[in-house]
Amino acid sequence: MVQLRFPPAGGSLDSCSPQTLDQLKCILQEGSAADSPSWVGEPIASAMPRFGAFIPLLLFIFPGASSHCHTGTANECKKHTAFVPGHSLAGEGIDVTTMARKGAYLVDSSLWQHEDGTCTLCQNRLQGGQWQRLPLAAVDWRVRVSCRRKLSSSVQQSAMGMMESAASAVQNDWKVGLDVPVKPKVNVQVALAGSHSKLASFVVDHTRMDKYSFVSHEMSCGYYRPGS
-4 MVQLRFPPAG
6 GSLDSCSPQT
16 LDQLKCILQE
26 GSAADSPSWV
36 GEPIASAMPR
46 FGAFIPLLLF
56 IFPGASSHCH
66 TGTANECKKH
76 TAFVPGHSLA
86 GEGIDVTTMA
96 RKGAYLVDSS
106 LWQHEDGTCT
116 LCQNRLQGGQ
126 WQRLPLAAVD
136 WRVRVSCRRK
146 LSSSVQQSAM
156 GMMESAASAV
166 QNDWKVGLDV
176 PVKPKVNVQV
186 ALAGSHSKLA
196 SFVVDHTRMD
206 KYSFVSHEMS
216 CGYYRPGS
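Take -4 as the starting number for the sequence shown in the working numbering and just add one per residue.
These are computed hints drawn from the structure, not numbers from a lab. Here the structure is a predicted model, which is why all the values come from computation and not from measurement. Treat the hints loosely; a few may be bogus.
[Claimed, not checked] Between beta-carbon pairs, the in silico distance windows are:
1) Gln122 with Arg203: 28 to 38 angstroms
2) Thr113 with Ser208: 53 to 63 angstroms
3) Cys142 with Ala77: 17 to 27 angstroms
4) Val150 with Thr66: 30 to 40 angstroms
5) Glu110 with Val199: 51 to 61 angstroms
6) His63 with Asp111: 19 to 29 angstroms
7) Lys74 with Asp200: 49 to 59 angstroms
Even glycine gets a Cβ: it sits at the ideal position worked out from N, Cα and C.
Could you build all of it, start to finish, from the sequences and the hints given here?
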């Protein structure tokens, strides 16, 4: 806010009168030229709010204000019948010994309709901008392409090392509650994760015939980011 302190009654502002912006500039110029205390409380340039400085800040604080999902009407939900990619993976169990999908679900990913007949539709720009249904079990979904172009490689000299390397991809605490007893003096290793997988069968079959070194290459790439 700009506060103006006018001169005492009877004072003169010479030829200027604060009726227009040009006249106000004239007053400021005369006040500075006279080298006397100005009757203007604060300079106009510094007192005016700089709205332009706040706009980029607001855009930076709220980068995700524009969402790819919205609540569709009942007619829209009937029109767009396709689900977002990967919707059936939510809550699905994996056999840790075979590293294969079990087809058993903790949540029903086929439910998509709200009680009022509406649903959540998300636009998939990787599939021509198609609007797709989002299951009720998920609260967020968006396109997020993230590819790690660096190729990672590892070399294993034994079947056990290869299986342990493959089992490291399972990042949850699947061992909790198994309570497998192993005596300290017994020279044995317990390898459950991936022990019955196709990779394990391949490695074991080759180590029975000859001595092999196993090399694995990995490059990861993701296209969508779900939320629950």
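Now the hints, each set against the structure:
no., hint, verdict
1, Gln122 with Arg203: 28 to 38 angstroms, "violated, 46 angstroms"
2, Thr113 with Ser208: 53 to 63 angstroms, "holds, 57 angstroms"
3, Cys142 with Ala77: 17 to 27 angstroms, "holds, 24 angstroms"
4, Val150 with Thr66: 30 to 40 angstroms, "violated, 52 angstroms"
5, Glu110 with Val199: 51 to 61 angstroms, "holds, 53 angstroms"
6, His63 with Asp111: 19 to 29 angstroms, "holds, 22 angstroms"
7, Lys74 with Asp200: 49 to 59 angstroms, "holds, 52 angstroms"
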